[in-house]
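So the sequence lines, in the order shown, correspond to chains A and B.
207 is the number that our numbering gives to position 207 of the first sequence; each next residue is one higher, with no gaps.
Throughout, our numbering is defined as the position within the second sequence, counted from one, plus 1000.
Read the hints as simulated data drawn from the structure, not as lab findings.
Computed from a predicted structure; not experimentally measured.
Errors might be hidden in some of the hints.
What the hints assert, rightly or not - Footprint (simulated), chain B over chain A, 3 or more residues, beta carbon under 8 Å:
#, segment
1, 213–220
2, 325–331
What the hints assert, rightly or not - Going by beta-carbon spacing under 10 Å, a handful of chain B positions derived as facing chain A:
#, residue
3, S1059
4, M1170
5, V1185
6, V1366
Even glycine gets a Cβ: it sits at the ideal position worked out from N, Cα and C.
Residue strings, one per chain:
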Amino acid sequence: MGPVRSGNAGHRSDRIHGQPTGAGDADRYTPPPMSRRIVVTGVGPVTACGVGIDALWSALCEGRTAIDRIRGFDASGYACGIAGEITDEALDIRQHVPKSYRKNLKVMCRDIELAVAGAAAAITDAGLVTRGTDPDATPTIAPDRFGCHIGAGLIAADPHELGQALISSAAADGTLDLHHWGAQGMQNLTPLWLLKYLPNMLACHVTIIHDCRGPSNTITCCEASGALSIGESMRVIRRGAADACLSGGAEDKLNPMAFMRLHFADRLAATAPEDDPASIVRPFSPDARGTVAGAGGAILVLEALDAALGRGARPAAEIVGFAATQNVCPDTVGLRIPAEGETLSAAIRLALSRGGITADEVDAIVPFGSSIPAVDALERHALRTVFGARTPTIPLVTIVPTIGNTHAGSAAVSVAVAARMLRERMLPARLNTAGITDLDANATAARTASLEHVLVLSTSQGGQNAAVLLRRFDA
Amino acid sequence: MNPGTGKDRLNAMSRNRVVITGMGWVTPLGHDLDGVWRRLCAGESGVRPIDRFDASTFSTTFAAQVREYDFRRFVRDPVTHANAGANSRFALGAARQAWTQAGLDGASLDPSRAGIYLGAGEGVLDFGGFARTQLASWDPARSMIDTRRWAEAAATCLDPMTELEQEPNMPAAHLAREFDLRGPVFNCLTACAASTQAIGEAFTMLRDGEADLMLSGGTHTMIHVLGLTGFIRLTALSRRNDEMQRASRPFSRSRDGFVMGEGSGIVVLETLDHARARGATPYAEITGYGSSADAFRITDMHPEGRGPAEAIRQALAMAGIDPARRGADGRPLVHYISAHGTGTSENDSIETLAIRTVFGENAPSVPVSSIKSMMGHLIAAAGSVELIACVMAIRHGVVPPTINLDDPDPDLPLDYVPNVARSCAVDVCLSNSFGFGGQNDALVVRRFIA
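Bound conformation, chain B alone (with noise of 0.2 Å):
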């Protein structure tokens, strides 16, 4: 292969370091970075009931919403985006608040080499149109929808622009606009693993030289009526109505499904060399990245956790950390594992059997917790907002708790930092995240040190 030309620098032999220089989080516990991982620290919970739409007679009536958000505050012109759908609107303030946190305000780029890789979910069905549309047309005699009164219906009932702007791919146009980027553009859909596989491809392009910065991340909401239904379905939803901010008790005996949450947690990455060259904070440098499938079952995961233990193990051989060994310190080399941690009885024992299989005599020295537990499941989102939360983890020396954690499971014998969070030097974390469906995927991200 030749070396490209100009500025492309994909086939140098030398690899680029990348740093984390800005974050910001739309989150059920707020909007803004500080004042989020301040109720994260202190085990607050996001969880309210669902006042979107009327859940009063569903077998799940709560979740973790975002509240009192206007993207209009973050942006330009809201005219540009007065089209855009929710998720686009919860990415759009969480990479303004990245993009200022890293000086890029008034900052001049080169737009070909600042891209964009999101994981994005699907948009927001709009039930209500959907539904009148179904209702017009469904044919009793044929016990079945006529499709020429659908298309009838459809074309009244149903908003052009909202039907078009779900599309996942929507977000990061909403990106590219605002914040005029015309590199590489990618968006990802791997489920709950969706914004970690996102932000780790992102890492190994910069790594290689495709662009020197990129917008990267997830945004999602599955809080609909759609939604909401297909989850309740599958039956992976808490149902503990009664007292519902303690429904998100992962590595609890007493867990019994996840609580949805939504938001978006977007970073700014970069080279370091870019960062270098304007001046730029790294906040924190990403060493580490493996992704896996475990091609076993579209609803179970590997009881033996083989494709988490096995994007687990690709992450830390790629930061060069050995997970038997110990420091100088006398403690493991990754010092916070931020676990998918959804709270299903399924996910919380695969995971912990994952990262015993991984650490081995040293897991249970490694602090292991899920924020899952204080903002639900942003399911394309959630590995994006617990990345930051690994971040700022380092950057305070205090690893944020699993809340809800007063019934342990005896078969989950790890340090889950149960209920309050601790304070401690934070250099390394794991963040982990598995899609339904089978794909995993983890991250290293440690301390910046020139």
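Chain A on its own, in the form it takes in the complex (with noise of 0.2 Å):
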């Protein structure tokens, strides 16, 4: 054995594609079978319904929303008044983090801690052994085939944590004096300040806490962020440089900067103190009028089907589809959206393709669903275009009713509900909506179906796609 080799040389070695072998010096690099298929093992969303895909899963099923008045902050100086919350109460981020662990804490934003408790949920949920369930036990994935991709969002710094330090640099005229700041205000930020915020550490924590030492990447490409994470971990899979990712995405815009952006972007339902925060998000609906946001996420474990076989795990569903594309936008922020676009038509047929399977075998899809007028609209164009005729007949399902939208971490938890879906052949209720002709996306009761093939759907401000295609696993 030459020194090539990889870091944990001989061990799985079977099962290790694209490593050196060891055998000769050219055409070390062994190309993994392309065909590697790959599988959801376990799903961690964290939302305002709770931590875990149950608590997540009976609130669709029930038609409960957790979309309320915002408590955590004073919105009363913004147009919308509500949002899908994760309180301080519902998310007591000290029961999801390794005792050893806790002590950093205190350089963790609301966004990374809702990433560690995903990636704790799913690890549960996989069943799998990491050196965050048990430090002294053999790992489940072998540290350096274990890959961690979390998408995130540009997170905002908390204005009261840099108000304490900036108030102090005020001039006389209640200008900020930055020479004052530069020689003395700075110096009340805590010295790790920085690296509470970058988007980065979502996924630099999780690896940490469950020693993930494969590729890890931070997805930025606001709500496509999630379904843009699980297509990478796909391609670092079947590349075979690792055998399971950790994959998904978080985001919390529930803080004054975040939420005013938000504002900035248009996108938000004006609502008044008299409505009735339940019924405010109606994807589809030709009374929608604009979304609510909602703290939250999902962490997946994608396994290559090899590696969760051996290792004895029931797969959720397998994931055959892949594909992202990028919208024309009239303007560059993608404020304006191009109602006749046609590529996000274009990811769906290849995420179809990709799959190998055609338009009339997808039974569910679980659009982004926003309930933001035009993007709801670029949705619905795509579906007539790839659908024709079945579109109508195809259920949708939404979850910005329930949960408000996550953001980076939006699609990620529309594929931890297509795979609960998908294994309990059972289709979530629908809230709020009414008058829909052209599309199965009404109010209605939670009710089984013949589910086979899934589709997620995500489009991004900025104009990226992706379109996920889940099938359901037969052992």
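Build the complex: two chains, separate frames, hints provided.
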């Protein structure tokens, strides 16, 4: 064996694709079989419904919404006063962090906490042993074969934390004295302040807690981040650089700065004090008037089928197709949505083709379903383009009315729900909508359904689209 | 898995070779490919006093800023990009240079087979507007912000478009708009490793048939009040204010931190088949990519350089290079390593250790240099400009120097190409990038041989 070797030479070498074989000097790199199948073996949503898939799934099936008036901060200065918040009572992060790691809680903003809690839930759901679940046990997945791809948003600094420091540098006229800030004021910030708000810290804390030493990336494409992260994990597993990945996304925009940016983007529903918070979000409805923000996201365990079966896991579903495309936006920020854009439909067609199925074989769809009229129109157009006359008969599953738009976390939540739908052969309830004639999207109770393939869609502010195709896994 | 249909070749068993057909950069040493390269080979420093805001009382008062740059020169219609933030402006200029060099101006492409993978950083916070908002809403009685007043102040002090342009996916959106790319578009942000990781992932996407052409690279500035504040608080920056052009001193005994730079590097990556079909000239081929996580601490690198060594090993393995061997010319098979080389005490020691771990007895025979000594640390964009420097080294047979290396660290025993560029045949390069938090990436790029 020459010095070119994987970091954990010999460990599970029978299953390691794409690593040097040690035989001969040329052609040491053995490409993995492109047919390497990828399954979902664990899901860990963290949403306003609670931590874990059961809390979310029961709310979705029972038609309960977690959207309510904002209580976490005084939102009376904002046009939108409701959201899917995760309160400190609902998520006590200390319960989700190993004791030995709790000293790091002070450098975790809320987005990081959501990812850390989601990863713990996903690992529990998948039945994995990691350094985070038991530091003394042999990990189920060899650390250098375990990747991590967690999508994140632009994390806004906490105005309260910065405010304490900035106010010390206020000049007499109410402006900031930069001389004072440079010389003294900034000393009021904790030395690790920057690290609290870097988007890659979601993945970094998770990789440290669970000892994931394989490829780790942080996709930052607004609402598409979670879906693109899943696509990235698939690529990494297929090329043989990992056998399993923690994959998904998380974000909490319910803080003054991020929430203000959402208002600037003109995507939120304006609400009045007398409005019923539960009924505001109405995806695809003629009277849809905007979305509401939700804190949350989901981390999934994606595994190569060979690895999953090798350890006796029971996959929830297989991911058979993924594709990404870019919208041609009239404006680069993607605030004006192209109503007739053909690139979301192109992503759907590619995902179906890569999954080896036709449009007729899709049994249900989890669209972004944001209730932003222009984005609803974009999705509606893409669905009609691909599914034609069959469009009104395909059940759409909408999650935003229950938990709000979780942004970088949204598509990962959708994939987690799609996997559960396939396992249970169940369509969750839909809330609030009526009068939709061209889509199967009106309010309804949960019902059983023969589900083989579920399609998940994601489209972002900025124009990134992704489509993920899941298939029921029958062992 | 069934084969894809039509032009989608994702599931094809055969793998594409991936070549670089165009390069562009916007850097503190200029905004044209050859000019910047000349200045790198001459050992020039782009470091000056910060003049974008008054940093005179900060513990670090200097940086390597992009100067005299006007992005409007590089775009078809500046009005389209009127709101573009600094990162988008840098990326548009770098991408146009790459696009033109690749012969793509006026070329007909299938936009659905052309994508983008950037490692673009967070946009620049409007610190003035933000500070006004903060101060206007401070409630001294409760010693905290009054969020109702904060929202009201923000609505008047902040510009909506400036805020929305801070999303890290905005540079990619601008490039998609400018060059009409409708295939897969990703942006990643793994701190200082981002653009190396972006290029690595774009490379594998092309290799495996997800697209025919990708614009890839990075763009970033953190030379703004809160960026400088954040790194000062981390004690990561050099404080050599009295001799700032000597402050970025990777691998020297007296190194005391990195120097902030800014800018963008963008490459056109294509499958060899696609490049050939349209008659493009491949300047180099990407043959290896490795990616790992330290899984150690958010503030420190693993003391044995575990993650960096693993990323380097993977990249070399994918490229089919045995670091223990030497070629017919008696040299190791890697002819130049573009180091992450930030000039922090920790990075330079641990990167050196990682190189020694992987290359063993061959390590002292491989030239290693850090162009951060001249253009500072471009953060998310650093890896992209360093990869371009590798391609230029291959083309010109010159290795750029590590300047300010007049005080070598006796514990760092490699050949860091001190102070003066070196002429030597360069066919194979390794480019390293390691991010805060432990995400590590390495690329192997080699001379294109048909």
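How the hints compare with the structure:
1. With 8 residues carrying a beta carbon less than 8 Å from a beta carbon of chain B, the segment 213–220 of chain A meets the three-residue requirement, and the given coverage holds.
2. A stretch counts as covered by a chain when three or more of its residues have a beta carbon under 8 Å from one of that chain; for the segment 325–331 of chain A and chain B the count is 5, and the coverage holds.
3. Look at B/S1059: its Cβ gets to within about 8 Å of chain A, closer than 10 Å, so that hint holds up.
4. Given hint, B/M1170 at the interface with chain A, holds; its Cβ is 6 Å from that chain's nearest Cβ, closer than 10 Å.
5. The interface hint given for B/V1185 is met, as the beta carbon of that residue sits about 4 Å from the closest beta carbon of chain A, less than 10 Å.
6. Interface hint at B/V1366: violated, since its Cβ lies 14 Å from the closest Cβ of chain A, which is beyond the 10 Å cut-off.
Of the hints listed earlier, the one the structure fails to meet is number 6.
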